[in-house]
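Novice: Which chain is which? The protein sequence lines are A and B, in order. When we follow full-length UniProt numbering, the leftmost residue of the first sequence carries the number 1, and every step to the right adds one. When we follow full-length UniProt numbering, the leftmost residue of the second sequence carries the number 1, and every step to the right adds one.
No wet-lab data here; the hints were simulated from the structure.
Footprint (simulated), chain A over chain B, 3 or more residues, beta carbon under 8 Å:
id, segment
1, 2-8
2, 21-28
3, 53-67
4, 73-84
5, 105-119
6, 139-145
The following residues of chain B were derived to be distant from chain A, with all beta-carbon distances above 12 Å:
id, residue
7, Asp99
8, Asp122
9, Glu124
10, Glu125
11, Arg128
12, Gln129
13, Arg132
14, Glu135
A few chain B residues that face chain A, going by a derived Cβ cut-off under 7 Å, partial list only:
id, residue
15, Tyr14
16, Ala15
17, Met36
18, Ala38
19, Arg39
20, Ser43
21, Ala45
22, Gly47
23, Glu50
24, Ser70
25, Gly92
26, Ala154
27, Thr155
28, Gly156
29, Leu158
Ideal Cβ positions, reconstructed from N, Cα and C, are used throughout, including at glycine.
Protein chains: 2
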Amino acid sequence: MTVTDEYLQNNESYAAGFSGPLPLPPSRHIAVVACMDARLDVSRALGIAEGEAHVIRNAGGAVTDDVIRSLAISRRLLGTEEIVLIHHTDCGMLTFADDEFTRAVEEDTGIRPQWAPESFRDPEEDVRQSMRRIEVSPFVTEPTSLRGFVFDVATGRLNEVARESS
Amino acid sequence: MTVTDEYLQNNESYAAGFSGPLPLPPSRHIAVVACMDARLDVSRALGIAEGEAHVIRNAGGAVTDDVIRSLAISRRLLGTEEIVLIHHTDCGMLTFADDEFTRAVEEDTGIRPQWAPESFRDPEEDVRQSMRRIEVSPFVTEPTSLRGFVFDVATGRLNEVARESS
Numbered sequence: 001m002t003v004t005d006e007y008l009q010n011n012e013s014y015a016a017g018f019s020g021p022l023p024l025p026p027s028r029h030i031a032v033v034a035c036m037d038a039r040l041d042v043s044r045a046l047g048i049a050e051g052e053a054h055v056i057r058n059a060g061g062a063v064t065d066d067v068i069r070s071l072a073i074s075r076r077l078l079g080t081e082e083i084v085l086i087h088h089t090d091c092g093m094l095t096f097a098d099d100e101f102t103r104a105v106e107e108d109t110g111i112r113p114q115w116a117p118e119s120f121r122d123p124e125e126d127v128r129q130s131m132r133r134i135e136v137s138p139f140v141t142e143p144t145s146l147r148g149f150v151f152d153v154a155t156g157r158l159n160e161v162a163r164e165s166s
Numbered sequence: 001m002t003v004t005d006e007y008l009q010n011n012e013s014y015a016a017g018f019s020g021p022l023p024l025p026p027s028r029h030i031a032v033v034a035c036m037d038a039r040l041d042v043s044r045a046l047g048i049a050e051g052e053a054h055v056i057r058n059a060g061g062a063v064t065d066d067v068i069r070s071l072a073i074s075r076r077l078l079g080t081e082e083i084v085l086i087h088h089t090d091c092g093m094l095t096f097a098d099d100e101f102t103r104a105v106e107e108d109t110g111i112r113p114q115w116a117p118e119s120f121r122d123p124e125e126d127v128r129q130s131m132r133r134i135e136v137s138p139f140v141t142e143p144t145s146l147r148g149f150v151f152d153v154a155t156g157r158l159n160e161v162a163r164e165s166s
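Using the sequences and the hints given, assemble the complete structure.
Specialist: Pasting the structure below:
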């Protein structure tokens with residue numbers, strides 16, 4: 001049995017206790033951008049219930065063009081107003097350098113990725129970098145609140161790095 | 001008080017009951033790619049505990065270059081082996097066409113986005129599209145299991161669309 005099979009069994013129990021559907025637009029008008037890290041359970045760590053918030057996640061929680069795309073759709077079409085960014089301690093993105101990753105991929109596949117891996121050296125500085133990318137994007141309407149955090153994987157606590165309010 | 005403030009209060013309770021840190025690599029060696037939709041709580045719907053799985057999410061659960069980047073890092077550096085894709089019923093991406101969204105953004109901002117919004121007409125067909133994008137990518141090493149689902153927001157159930165096993 002694969003892990004996927006186990007998760008499908010879990011889904012049977014989840015569906016048995018499920019009552020839906022809820023409305024499409026997030027009821028708390030908020031979008032969270034976070035790292036894909038396995039130790040960061042965004043909904044549990046923030047106490048988010050089903051239907052409340054968009055959750056956007058990728059390697060590092062970096063604000064890439066795809067995150068801008070997702071936030072543009074979230075803000076413009078689905079009425080979110082606040083944005084929360086979450087990086088975390090002990091991130092995999094701290095363990096390599098972009099050039100090294102790109103070279104390894106090129107050596108293995110013969111193809112050089114056309115995207116930056118988005119590794120970083122300091123989660124706090126990268127949260128600020130991600131906030132600036134949102135602030136300068138013409139496509140993400142200015143949120144009522146934009147706050148950036150580092151999640152501590154040892155304590156489960158969100159530590160604030162920076163905030164912008166309109 | 002903002003919603004962000006409320007979520008920070010929730011995080012105090014979460015941190016009070018938290019014991020960490022867990023190891024960095026996902027203990028169940030699996031990565032989930034899903035839509036950012038507020039009604040899809042990936043960890044609850046699949047019964048994923050902290051530390052088990054990478055969770056990658058964006059508007060639509062589309063396999064964009066940024067998802068390929070995240071999966072490449074997940075597979076190559078952090079040892080994930082299975083991949084699960086999840087789209088869902090009643091998705092916001094069904095409510096507009098790419099040209100229309102791009103034109104509206106250009107009219108509002110004077111700038112035409114350089115990315116496709118990635119709207120779609122049929123969640124099942126778009127799950128297959130996403131699976132094909134993973135299969136043809138040179139950067140994502142072939143997973144041991146690649147399965148695609150549509151989550152039903154009325155029932156909470158994952159319905160399988162397609163599967164590939166190596």
